[in-house]
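The whole structure should be built from the sequences, with the hints applied where relevant.
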Amino acid sequence: MINKKVSKVAIGSVRELPERLGKTVFVGDKEVAVFKLSNGSVRAIENRCPHKGGVLSEGIVSGEFVFCPMHDWKICIEDGNVQAPDRGCVKTYQTLVEDEEVYLLIDEL
Amino acid sequence: MEKKKLILVGNGMAGVRAVEEILKVSKDLYEITIFGSEPHPNYNRILLSKVLQGDTEVKDITLNTFEWYEENNIQLYTAEMVVKIDSIRKVVITDLGRMEPYDELILATGSLPFILPIPGANKEGVTAFRDIKDTEVMLEASKKYKKAAVIGGGLLGLEAARGLLNLGMDVAVVHLGPYLMERQLDPMAGKLLQTELEKQGMTFLLEKQTQEIFGNDRVEGIRFNDGTELEADLVVMAVGIKPNTELAKGCGLTVNRGVVVNDYLQTNIPHVYAVGECAEHNGIPYGLVAPLYEQGKVLAKHICGVDTNPYKGSILYTQLKVSGVEVFSAGDFMEGEDKKAIKVFDDQDNYYKKIVLRGNQIVGAVLFGDSSDGNRLVSMIQKEADISDTMKVSILQPQGQEAGASLVASMSNDEIICGCNGVSKGTIIQAIQNQGCSSVDDIKACTSASRSCGGCKPLVAEVLQLSLGDSFDGQLQKEAICGCTTLSRDEVVEEIKAKGLTHIKEVMFVLGWNNDEGCSKCRPALNYYLGMVNPTEYEDEKESRFVNERMHANIQKDGTYSVVPRMYGGVTNSQDLRRIADVVDKYEIPLVKLTGGQRIDLLGVKKEDLPKVWEDLDMPSGFAYGKSLRTVKTCVGEQFCRFGTQDSMGLGIVLEKKYEGLQTPHKVKMAVSACPRSCAESGFKDIGYIGIDGGWEIYVGGNGGTHVRSGVLLYKVKTEEEVIEITSAYLQYYRETANYLERTSAWIERVGFDHVRSILDDQLHRKELNNRMDKALSVIKDPWKAITEDEKVKKELFETVVMS
Chain A
0 MINKKVSKVA IGSVRELPER LGKTVFVGDK EVAVFKLSNG SVRAIENRCP
50 HKGGVLSEGI VSGEFVFCPM HDWKICIEDG NVQAPDRGCV KTYQTLVEDE
100 EVYLLIDEL
Chain B
0 MEKKKLILVG NGMAGVRAVE EILKVSKDLY EITIFGSEPH PNYNRILLSK
50 VLQGDTEVKD ITLNTFEWYE ENNIQLYTAE MVVKIDSIRK VVITDLGRME
100 PYDELILATG SLPFILPIPG ANKEGVTAFR DIKDTEVMLE ASKKYKKAAV
150 IGGGLLGLEA ARGLLNLGMD VAVVHLGPYL MERQLDPMAG KLLQTELEKQ
200 GMTFLLEKQT QEIFGNDRVE GIRFNDGTEL EADLVVMAVG IKPNTELAKG
250 CGLTVNRGVV VNDYLQTNIP HVYAVGECAE HNGIPYGLVA PLYEQGKVLA
300 KHICGVDTNP YKGSILYTQL KVSGVEVFSA GDFMEGEDKK AIKVFDDQDN
350 YYKKIVLRGN QIVGAVLFGD SSDGNRLVSM IQKEADISDT MKVSILQPQG
400 QEAGASLVAS MSNDEIICGC NGVSKGTIIQ AIQNQGCSSV DDIKACTSAS
450 RSCGGCKPLV AEVLQLSLGD SFDGQLQKEA ICGCTTLSRD EVVEEIKAKG
500 LTHIKEVMFV LGWNNDEGCS KCRPALNYYL GMVNPTEYED EKESRFVNER
550 MHANIQKDGT YSVVPRMYGG VTNSQDLRRI ADVVDKYEIP LVKLTGGQRI
600 DLLGVKKEDL PKVWEDLDMP SGFAYGKSLR TVKTCVGEQF CRFGTQDSMG
650 LGIVLEKKYE GLQTPHKVKM AVSACPRSCA ESGFKDIGYI GIDGGWEIYV
700 GGNGGTHVRS GVLLYKVKTE EEVIEITSAY LQYYRETANY LERTSAWIER
750 VGFDHVRSIL DDQLHRKELN NRMDKALSVI KDPWKAITED EKVKKELFET
800 VVMS
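First to last, the sequence lines map onto chains A and B.
Under numbering that gives the first Met the number 0, residue 108 is the last one in the first sequence; the count climbs by one each step, no gaps.
Under numbering that gives the first Met the number 0, residue 803 is the last one in the second sequence; the count climbs by one each step, no gaps.
None of these hints come from the bench; they were simulated from the model.
Honestly, I wouldn't trust all of these hints.
Said to hold, decoys possible - Stretches of chain B that chain A covers, calculated by requiring three or more beta carbons in the stretch to come under 8 Å of a beta carbon on chain A:
| hint | region |
| --- | --- |
| 1 | 513-520 |
| 2 | 548-561 |
To be verified - Mimicking DSSO-like on lysine-lysine, the simulated pairs with C-alpha atoms at most 27 Å apart in a straight line are:
| hint | chain 1 | residue 1 | chain 2 | residue 2 |
| --- | --- | --- | --- | --- |
| 3 | B | 132 | A | 51 |
| 4 | B | 541 | B | 606 |
| 5 | A | 51 | B | 556 |
| 6 | A | 51 | B | 592 |
| 7 | A | 29 | B | 611 |
| 8 | A | 73 | B | 556 |
| 9 | A | 29 | B | 592 |
What the hints assert, rightly or not - To spell it out: a stretch of chain A is covered by chain B in this simulated footprint if at least three of its residues, at any positions, have a beta carbon under 8 Å from a beta carbon of chain B; those stretches are:
| hint | region |
| --- | --- |
| 10 | 18-28 |
| 11 | 56-67 |
Since this is a predicted model, take the numbers as computed values, not measurements.
Note that beta-carbon positions come from the ideal geometry of N, C-alpha and C, so glycine has one too.
What follows is the structure in structure tokens.
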């Protein structure tokens, strides 16, 4: 088993996260897009579209999907999968909400 | 000139159509007042059976909405009946005691259902089938009772019967004649129809004469003159109609069966016309829609003092669907004496066709099961076609069976496709070619073809197919705005207006989106349409904006943004330039570039710096990111240029100040040049202005992008005021009718330059468009200033979180 360290990073209050709008979060050298969906859940994915590196945090959010603002690729925020007819996936990050504070769980090798 | 007063008595299909025809000839001649005894606007009586069947609402069969009356400045009095005409003093008097003077009067009182004068006809549960009120009575009855009897096996009776069957009642049709619809069908077709309807569950009692309706307060049954009885909780009398001449009789008008009119629809009293079912022309009161519309046309021209051919009567023909079965008849369709018939009967595919000949001439026809040949046969009958050169049987050839040629293809351009509205094949082709119609709905909106009974829709589709070839796909008739709905742009906008929808979620919910939160196509589109329909009330939804319009800056491939401040007409000064230079230094902006639209672009600005950059610039947004007015490019013009004939910079600045921030379906670019050398490149802008001696030329629909297109001269005008008036009207019409993300160049090709021009030619239209434009402009604020003053938005949109 690889010895993985998981760091828990607080990124702000859940009440201050706007619904259906992405938030850009830099953690070290990682750029993460954090979304509060219309059902209230908070999700985080890598902030770059696998197509041409579009910034996903600025995409239009519909349900559990985000549309990349560059070329309209449709990406599932829950599992990071690009939707057909395009293909690929983005990294997802675990999130936690404790006492209204949102945390990102980031693996570190 | 003061308008003359025109009064229409009767707010039904014939009368209102005549008024529509009058408005087509001239909108300025008459001040129009309409009296209608029903509390509804004009609706399509032919489709009442659909309302009865429960799948259609009254509003769906409305032909002219209350707004239509308003838009055309027509004074409408509903639920008010004219009870007297004083033709000496030229006034009408209503049942509410209102007196209204007229210069010209049109009677279109329609007809009354014929109620059999038998005992019990006034019992509860006995109704006619003529108007919305009757329909409501029947709908109510179907909820409580089971057994219905329809007296009358004509068209109306059968439609009523079908409706009641759909409502779950047991229906018996009682008919005096030996077979159904004997006015429209021959015995063979009548029997075939009966067999078909029996399969659907109707029962028939033929050659039965009703003697009495019995029961206590409510009907319990019918007794016939042969002593037999039929149980019924609801009796619908559909034995026929008679011209409604009650008003006319008391006023000295000559009345026979209907109000007698001449070939110009004039009655015996000067300034009084009659049209439609209440009128009798040459001994015939007509009861079908096509003749009524023909009469309306003649009347309109005559009353407006325009030359017209006299009305010479109509060839009667019927083309309808009875309970899903197509039937058709035309002309003199009963053989005998000097008339001979050719018949084809296919028992297997269940169709029957007959033509009736007098010598070599076709005088009548009957079709059952497949009526697609109907229009062609009517036109052969109308033209009194000589068929001696044709293989007789080939006239009855089922469509497409021989040589595969379409019947529509073989029709000449003056042949009628839509009988109800008298629209010829040629007119439809013109609408396709000149006005960009590409669907049956477009054609309907443009020409009225298929607007009334809808029977000719397949023919209209065939004309489209023939004209547009493969690019027309009947299945893809309307283009849904995205995969979340099947509704087209026009349908969605119509529903937003009709249902008063006010936000995106509501639109999706009410119109049954198959995806709760829509997608990146429909959300921005709905956001635009809602704001367009309701500029002062609608609250823009930033979550449904594309990133650039949400952030009010253009996103670049690396996630930074570019910022373009407003410089009206491309004119700047030392102060603005100095401030721009300071901002570039302070925020270490990597690239400064001049744009194609004569602006300065600051590229590579970090998202979190945007509000500060705007604040320091202290200039309005240049909207370089927006579906909005981008830039008005100008040449130097008469201030400095030796060729300049006009103040191009001045006009450019006025235009840009007026329309900055306006939301449009797609970006809009303008240019103003002071002479025809057109240094500002006015020839391929959405709107381009070229100064000429004493005025301006206005070019529209140009594009310098993916599909290069030259602008087309829309108007030459003299003053700046006229420039603004035309520009506002044109832009507003684009705003109201274009698809979201459709540039003006594509839009004008789709709707047609001539069409747009005709809208703007109409002074009233132009003024209304200007008013709506001013309303839209009244709520615009500079977005940069608004954001810099709003801490919440700044935090939500522009802050990033940085963790080490």
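Claimed coverage, the region 56-67 of chain A by chain B - three or more beta carbons nearer than 8 Å | holds (count 7)
Coverage claim, chain A over the region 513-520 of chain B, checked by counting residues with Cβ within 8 Å (three needed) = Per the Cβ count (6), the hint holds.
Given the hint that residue 29 of chain A pairs with residue 592 of chain B, does the C-alpha gap stay at or below 27 Å?
-> 31 Å, violated
Pair hint residue 73 of chain A and residue 556 of chain B, alpha-carbon separation not exceeding 27 Å = 18 Å, holds
Given the proposed pairing of residue 132 of chain B with residue 51 of chain A, does the C-alpha separation stay at or below 27 Å?
-> 64 Å, violated
Has the given pair, residue 541 of chain B with residue 606 of chain B, been kept, meaning a C-alpha gap of at most 27 Å?
-> 16 Å, holds
Against chain B, does the region 18-28 of chain A show at least 3 residues with beta-carbon separation below 8 Å?
-> Coverage by chain B holds for the region 18-28 of chain A (9 residues, Cβ < 8 Å).
27 Å limit on alpha-carbon distance, applied to hinted pair residue 51 of chain A and residue 556 of chain B = 8 Å, holds
Quickly compare the C-alpha distance for residue 51 of chain A and residue 592 of chain B to 27 Å and report which way the hint goes.
-> 24 Å, holds
Assess, step by step, whether the Cα of residue 29 of chain A is no farther than 27 Å from the Cα of residue 611 of chain B, and give holds or violated.
-> Holds, at roughly 25 Å.
Under a C-beta cut-off of less than 8 Å, do 3 or more residues of the region 548-561 of chain B approach chain A closely enough to confirm the stated coverage?
-> That given contact holds, which follows from 6 residues of the region 548-561 of chain B lying within Cβ reach (below 8 Å) of chain A.
Figure legend: structure checked against the earlier numbered hints; hints not met, in rising order: 3, 9.
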